[in-house]
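Trainee: Quick note on numbering: my numbering labels position 27 of the sequence shown as 16, and the sequence is numbered without any gaps.
Note that these hints are calculated values from the structure, not bench results. Please note that the accuracy of each hint is not assured.
[Claimed, not checked] In the DSS-like style, the derived pairs of lysine-lysine whose C-alpha atoms are separated by at most 30 Å in a straight line are:
| id | residue 1 | residue 2 |
| --- | --- | --- |
| 1 | K50 | K142 |
| 2 | K85 | K43 |
| 3 | K114 | K66 |
| 4 | K85 | K66 |
| 5 | K43 | K142 |
| 6 | K133 | K85 |
| 7 | K133 | K43 |
| 8 | K108 | K50 |
| 9 | K142 | K114 |
| 10 | K50 | K85 |
| 11 | K66 | K108 |
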Amino acid sequence: MKRPICLFITVILLALPVFCFAAADARINNVRVAPVNGSGAVSVSFSVSDAFTKEIDDAIKSGLATSFTFRVEVERKNTLWFDHNEADVRFRHTVKYDTLRDEYNLTLDEAANTVERTKDAVSMKELMSVCNGVVLRPQAGFVKGENYEIRIKAELHTIKLPMGLDYVLFFVKLWDFETDWHTVIFSP
């Protein structure tokens, strides 16, 4: 009796690293920064590559709501003192598969909580991983000639399961990941 239990625990422990590093290659790409005419703000666009694994695709297809949380920070670079945080924007892209209609429902926070619907998995992945025109507006505005650093990070979180299921389906949390910070230096 003890032998099957030990074997089961060993198999689980050996399989954990596979789930933990499933999306370890996800990264921020294609960052574009452009000034917004006459408003003292900048528009940032970027994408996340290699964020979807087979396990994540299967979880979404089963109806489990999944969110990408994006963090975009702007810091003014100082040579003699600490860098000053000018802006910090957080927003989500959330997808939930509707099994009855056979379509993906996506909520894009940065686009005024726009709800998009698509039946195509490729379109869903593109909508989830591409951010266009995120407006960054520091409180004091950008100072010409100063150097600023934009830092971008993406995190994937599966939605919390109902009480009790989170203990039974503990491996769902192992799909969560976050990218490294991607940094871009610019001067307005």
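Trainee: Would you mind marking each hint as holding or not holding in the structure?
Mentor: Hints and how they fare:
no., hint, in the structure
1, K50 - K142, "holds, 25 Å"
2, K85 - K43, "holds, 16 Å"
3, K114 - K66, "violated, 35 Å"
4, K85 - K66, "violated, 40 Å"
5, K43 - K142, "holds, 22 Å"
6, K133 - K85, "violated, 43 Å"
7, K133 - K43, "violated, 46 Å"
8, K108 - K50, "holds, 11 Å"
9, K142 - K114, "holds, 17 Å"
10, K50 - K85, "holds, 8 Å"
11, K66 - K108, "violated, 45 Å"
The structure is inconsistent with the numbered hints 3, 4, 6, 7, 11, although it conforms to all the rest.
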